[in-house]
Structures are given as C-alpha cells and as structure tokens.
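The residues making up each chain are set out below.
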Amino acid sequence: MLLRASSQAAGEEVDLSAAVEDAADGGVEDGAVLTAFAEAVVRAADGLDAARARALETLGPAKFVEAAATVGIFNGLVRVADSTGIPSDAMMLESTADVRGDLGFNRWAGARASGVAEAPA
Amino acid sequence: MGFDAGRFPVPVREDLTTALRRSWADIGRPGTWWTGPERVAIAALARAERIQRNEPPWGRNRGEPDTALPEKAIEAARKIGADPMHLDREWAEGIIAEIGDARYVELASVVVTTVAADAFCEAMGIGPEPLPEPEAGEPTAERPDGMGDIGAWVPVQVVDWKRANVARALSLVPEGVRTFFRMVVAMYSGAATDFEKMVWDHRPLSRPQVELIAARVSALNQCFY
Numbered sequence: 001m002l003l004r005a006s007s008q009a010a011g012e013e014v015d016l017s018a019a020v021e022d023a024a025d026g027g028v029e030d031g032a033v034l035t036a037f038a039e040a041v042v043r044a045a046d047g048l049d050a051a052r053a054r055a056l057e058t059l060g061p062a063k064f065v066e067a068a069a070t071v072g073i074f075n076g077l078v079r080v081a082d083s084t085g086i087p088s089d090a091m092m093l094e095s096t097a098d099v100r101g102d103l104g105f106n107r108w109a110g111a112r113a114s115g116v117a118e119a120p121a
Numbered sequence: 001m002g003f004d005a006g007r008f009p010v011p012v013r014e015d016l017t018t019a020l021r022r023s024w025a026d027i028g029r030p031g032t033w034w035t036g037p038e039r040v041a042i043a044a045l046a047r048a049e050r051i052q053r054n055e056p057p058w059g060r061n062r063g064e065p066d067t068a069l070p071e072k073a074i075e076a077a078r079k080i081g082a083d084p085m086h087l088d089r090e091w092a093e094g095i096i097a098e099i100g101d102a103r104y105v106e107l108a109s110v111v112v113t114t115v116a117a118d119a120f121c122e123a124m125g126i127g128p129e130p131l132p133e134p135e136a137g138e139p140t141a142e143r144p145d146g147m148g149d150i151g152a153w154v155p156v157q158v159v160d161w162k163r164a165n166v167a168r169a170l171s172l173v174p175e176g177v178r179t180f181f182r183m184v185v186a187m188y189s190g191a192a193t194d195f196e197k198m199v200w201d202h203r204p205l206s207r208p209q210v211e212l213i214a215a216r217v218s219a220l221n222q223c224f225y
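If you read the protein sequences in the order shown, they are chains V and S. Residue 1 is where the first sequence starts when you use this note's numbering, and the numbers rise one by one after that. Residue 1 is where the second sequence starts when you use this note's numbering, and the numbers rise one by one after that.
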C-alpha cells in the first residue's frame with residue numbers, strides 16, 4: 001500500500017484504518033479534511049459544499065486542486081481495476097498481507113481476482 | 001475547446017487542463033472498435049447513471065436510451081459508471097460474450113475517462129463538462145499483438161511487462177490506455193520517475209496526503225486493487 005510506504009519514507013507512522021473510517025486523519029497532515037472531502041464527492045453527499053469549502057480554506061487553492069484531481073482520477077482508476085478483474089501486483093499483496101484481513105479488504109468482490117478472497121461478513 | 005480555465009473557481013495547472021481537454025476530445029473521435037457517436041453515447045450513459053448512484057439500480061430514472069448501442073453495451077456503461085463494487089467475472093463474461101472483449105475494454109476506457117473527469121468537476125464545484133461533439137469516421141479495428149492471460153477478465157499485454165498491473169488492464173485497446181493514462185499522469189502520478197519516489201516534490205500535496213485520498217476513494221468503492 002503506497003500510503004504506508006510513502007509515510008514511512010517521510011518518517012511518519014500512518015494509521016491505515018483511515019482508509020476505511022469516516023473523516024479519519026490517519027496521522028497525515030490535514031488528513032481528516034482530505035478524507036472528508038473525498039467521502040463527500042464519492043457519496044455525492046449533502047455535505048459536499050461544506051466539505052469542499054473546508055478543504056479549500058484549509059489547504060489553499062493549489063493543494064485543493066491536487067486533492068480534487070486525486071479524487072477524480074481515483075474514481076476512474078478503481079473502475080479500471082474492477083471492470084477488468086486485473087489481479088493485484090504480487091509486491092502489493094505481500095506488503096499488505098498483515099493488514100488486509102483486519103481492514104476488511106479481503107471480503108471485497110475484487111479480492112477474488114487476486115486469489116485472496118474471504119467470505120463476506 | 002473544453003475545460004476552460006475560467007470555469008474553475010481557483011487556478012488549475014495548465015498541464016492538467018490540457019490533459020483533460022485532449023482526453024475529452026478523444027471520446028468524440030472514432031475509436032478502435034466503436035464510432036465517435038457510439039463513444040459519446042457510452043459516456044452519456046455512464047454519466048447519467050453515475051449521477052443517480054445513490055439510488056438503487058432499479059430505482060433510477062433512465063428513460064429510453066437515445067442510442068443504437070447493443071443492449072449489453074448499455075448495461076455495461078451504466079454498471080461500470082455507477083456500481084463498480086458490484087462487478088464480477090460472471091457478469092463481465094456475459095457482456096463480453098455479446099459484444100466481444102476488445103469492445104468491452106474500449107467501452108470501459110470511455111467510461112473511466114468520463115467518470116474521472118466528472119468526479120474532478122464535482123470536487124471542484126463546477127458542473128460537468130458538456131460531452132464532446134462526435135466526429136465522423138470508422139473505427140480502426142486493430143488488435144494489438146502480445147496479449148495474454150494473467151488471470152484478468154480480459155487479455156492484457158504480457159510481453160516484457162514491468163509496471164503495475166493496473167497500467168495494462170486496458171492494453172487490449174492501446175488508444176484507450178493513452179486517453180485515460182494521460183489524465184493519470186496529470187492528475188496523480190506525474191512522470192514515471194516521480195511515481196517511483198515515495199517522497200514527492202513535484203506536487204503541492206505530500207505523497208502521504210495524496211495516497212490517503214487514493215486509499216479512501218478506493219475503499220469507498222470497495223476496490224481491492
């Protein structure tokens with residue numbers, strides 16, 4: 001998982017549960033603002049306007065644009081993976097083996113394409 | 001031209017708007033297996049369905065599709081656009097049996113390009129970009145060499161591949177790869193040399209900040225990859 005690898009490279013300890021919890025900061029600077037913004041866009045939530053305004057105010061224009069771009073492109077990238085059933089890379093599977101089960105990733109439909117599926121909870 | 005700088009509430013990097021503009025124009029052009037009008041129809045179906053993503057599929061207002069696309073292509077554009085967490089091999093194989101693997105991959109490439117651009121506009125707080133005018137012309141119908149089975153639902157490039165699998169997921173239609181991954185470079189990864197670094201200095205956000213967003217969006221879509 002690139003979140004953990006990049007945090008370690010920066011000398012930071014990230015809490016990976018931020019990937020699956022609402023508005024969690026994960027120990028990343030402005031993390032809660034970023035995740036709340038991403039959640040509001042993906043969910044087309046009523047609070048999107050407020051989440052966007054908070055992101056812009058907290059991050060400033062340049063970082064806000066990057067956050068919006070990341071949200072946008074990952075909405076495409078997840079569909080590339082999930083529409084083609086592309087298996088995960090071996091290195092990623094190995095590096096996430098210790099956390100996937102706890103975070104619930106192995107119960108998602110796409111886990112079957114990588115041969116690590118667990119029964120849905 | 002599309003994605004005009006004046007539409008955005010704050011300044012947007014020129015390389016980003018250029019990539020969006022070029023990929024958007026690609027949607028309207030004849031592809032490898034679909035015509036320009038068919039590609040724009042696919043984009044329109046995905047957009048209309050995704051707008052209603054908070055409604056269950058059976059509760060969405062669809063009306064009569066204004067397109068001559070095959071029924072299975074209409075179904076695929078809608079489902080990939082709005083319900084990516086509910087895709088599975090059996091479903092994909094049913095679609096592919098009707099429209100063919102390369103047409104399915106090209107359809108997916110149009111949908112993901114549309115969704116990424118639309119989600120960016122939503123995040124920025126502006127309305128969706130009008131769909132491009134379709135251009136006349138025939139698809140090239142060129143199937144690339146070097147395709148093989150790595151366990152995906154579709155054939156992918158297998159010759160001398162050293163990058164991440166997701167980058168070859170659409171490789172059965174190289175033009176679709178170029179259209180979408182042009183946006184990936186501008187909106188996420190930067191050049192290959194930047195992507196390999198775990199500490200980024202080419203973007204205003206730190207890499208952990210970018211990857212936190214990426215992880216959260218992936219998890220919300222229940223994307224295992």
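Just so you know, the hints here were simulated from the structure itself, not pulled from any lab data. C-beta: ideal position from N, C-alpha, C; glycine also. Keep in mind that the hints are not guaranteed to be accurate.
To spell it out: a stretch of chain S is covered by chain V in this simulated footprint if at least three of its residues, at any positions, have a beta carbon under 8 Å from a beta carbon of chain V; those stretches are [claimed, not checked]: (1) 57-68; (2) 140-150; (3) 163-170; (4) 182-191; (5) 195-207; (6) 211-220.
Below, computed lysine to aspartate or glutamate pairings styled on EDC-like, alpha-carbon distance capped at 16 Å [as the list claims (entries may be wrong)]: (7) K162(S) / D89(V); (8) K72(S) / E90(S); (9) K63(V) / E14(S); (10) K63(V) / D201(S); (11) K162(S) / E196(S); (12) K72(S) / E98(S); (13) K72(S) / E55(S); (14) K72(S) / D101(S); (15) K63(V) / D30(V).
Taking the hints in turn, this is what the structure says about them:
Using a Cβ-Cβ cut-off of 8 Å, 0 residues of the stretch 57-68 of chain S lie near chain V, which falls short of the minimum of three, so the contact claim is violated. With 1 residues carrying a beta carbon less than 8 Å from a beta carbon of chain V, the stretch 140-150 of chain S misses the three-residue requirement, and the given coverage is violated. Coverage of the stretch 163-170 of chain S by chain V holds in this model, with 6 residues showing a Cβ closer than 8 Å to a Cβ of that chain against a need of three. Coverage of the stretch 182-191 of chain S by chain V holds. Counting CB-CB distances below 8 Å, 5 residues qualify, and the rule asks for three or more.
Requiring three or more residues with a Cβ within less than 8 Å of a Cβ of chain V, the coverage given for the stretch 195-207 of chain S holds, as 8 such residues are present. Given as covered by chain V, the stretch 211-220 of chain S passes the check, having 10 residues with a CB less than 8 Å from a CB of that chain where 3 are the minimum. As the CA atoms of K162(S) and D89(V) are separated by approximately 11 Å, the hinted pair is consistent with the 16 Å bound. The hinted pair formed by K72(S) and E90(S) meets the criterion: a straight-line CA distance of about 14 Å does not exceed 16 Å.
At most 16 Å may separate the alpha-carbon atoms for a hinted pair to count; K63(V) and E14(S) meet this at roughly 15 Å. A C-alpha spacing of about 13 Å is found between K63(V) and D201(S), which places the hinted pair at or below 16 Å, so the restraint holds. This hinted pair checks out: K162(S) and E196(S) have alpha carbons roughly 13 Å apart, not beyond 16 Å. Under the criterion of a C-alpha separation no larger than 16 Å, the hint pairing K72(S) with E98(S) is consistent with the structure, at around 7 Å.
Using a Cα cut-off of 16 Å, the hinted pair K72(S) and E55(S) is violated, with the two alpha carbons roughly 21 Å apart. With a C-alpha separation of about 12 Å, the suggested pair K72(S) and D101(S) falls inside the 16 Å cut-off, and the hint holds. Only pairs whose Cα atoms come within 16 Å are accepted, and K63(V) paired with D30(V) is accepted, the gap being roughly 11 Å.
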